[in-house]
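K.L.:
Listed below are the residues making up each chain.
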Amino acid sequence: AQTVTQSQPEMSVQEAETVTLSCTYDTSESDYYLFWYKQPPSRQMILVIRQEAYKQQNATENRFSVNFQKAAKSFSLKISDSQLGDAAMYFCAYRSFGNQFYFGTGTSLTVIP
Amino acid sequence: DTAVSQTPKYLVTQMGNDKSIKCEQNLGHDTMYWYKQDSKKFLKIMFSYNNKELIINETVPNRFSPKSPDKAHLNLHINSLELGDSAVYFCASSQSDRPSYNEQFFGPGTRLTVL
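Here the protein sequences come in this chain order: A and B.
Here the numbering used here runs 3 ahead of the position in the first sequence, where the first position is 1.
Position 33, counted from 1, in the second sequence is what the numbering used here calls 19; the numbers after and before it change by one each time, with no gaps.
To be clear, the hints were calculated from the coordinates, so they are not data collected in a lab.
Idealized CB from N, CA, C, for every residue including glycine.
Treat the hints with care, as some may be off.
Across the chosen pairs, the derived CB separations fall in these ranges [unchecked claim]:
id, chain 1, residue 1, chain 2, residue 2, range
1, B, Asn3, A, Ser45, 23 to 31 angstroms
2, A, Asn65, B, Lys30, 24 to 32 angstroms
3, A, Pro12, B, Ser6, 27 to 35 angstroms
4, B, Asn37, A, Tyr57, 21 to 29 angstroms
5, A, Gln47, B, Lys26, 17 to 25 angstroms
6, A, Ile49, B, Tyr(-4), 19 to 27 angstroms
7, A, Ser45, B, Lys26, 15 to 23 angstroms
8, A, Gln72, B, Thr(-7), 13 to 21 angstroms
9, A, Arg66, B, Tyr(-4), 13 to 21 angstroms
10, A, Gln17, B, Ser(-9), 35 to 43 angstroms
Model the full structure from these sequences, guided by the hints.
P.N.:
Structure, rendered in structure tokens:
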């Protein structure tokens, strides 16, 4: 089975600064999808960004971007110009070709005013 | 319109009781899931289900059972509730054959407290 590892249980960042959350995964598949989800205190799971493995270009959504390194099986999330509303748990997720999803253990992000 | 809805949002009950959590999605997706999120925020897949196949995480006790009356609903039944069942339960859905926009959509979660 695929595994997803988030090695940073907690991170903090000053407001307006940049932070990078790391994620690595283990797979033997060549086609798959990667996601970052945000879970604020409201507990709603919100999709932040997605990446298709066959696309070499890194995905970007406003202040959120990824650094996708397929050979290294690494998928980090960069948050630029951090805002107080970015404080949340962030989950990295892998979707296999067979439509199974695997989640990392999460990184709790604190934004310091 | 709510894409994935769950009821109830909060459920407090006594040990030994039987309870159900309902989930409905209006996205036309073909696959639905149940997750358990414990106090450490770990998300654990319990079941995934589409029209063809139910995949059960082998670590889930058989006191938990999914019931799907139709493609848009996947309810979770829990028998003989135990203290360790206290958690937040999330329902989610996705479309298996769509090459893009194939993420999971989550419901708001149900916080179950067993006393």
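K.L.:
Against this structure, judge whether each hint is valid.
P.N.:
Right, here's what the structure says about each hint:
1. B:Asn3 to A:Ser45: 23 to 31 angstroms: holds (28 angstroms)
2. A:Asn65 to B:Lys30: 24 to 32 angstroms: holds (31 angstroms)
3. A:Pro12 to B:Ser6: 27 to 35 angstroms: holds (34 angstroms)
4. B:Asn37 to A:Tyr57: 21 to 29 angstroms: holds (27 angstroms)
5. A:Gln47 to B:Lys26: 17 to 25 angstroms: Check passed, 19 angstroms falls within 17 to 25 angstroms.
6. A:Ile49 to B:Tyr(-4): 19 to 27 angstroms: The hinted range 19 to 27 angstroms holds for Ile49 of chain A and Tyr(-4) of chain B, with Cβ atoms some 21 angstroms apart.
7. A:Ser45 to B:Lys26: 15 to 23 angstroms: holds (18 angstroms)
8. A:Gln72 to B:Thr(-7): 13 to 21 angstroms: violated (42 angstroms)
9. A:Arg66 to B:Tyr(-4): 13 to 21 angstroms: violated (33 angstroms)
10. A:Gln17 to B:Ser(-9): 35 to 43 angstroms: holds (38 angstroms)
Taken one by one, the earlier hints fail for this structure at numbers 8, 9, listed in ascending order.
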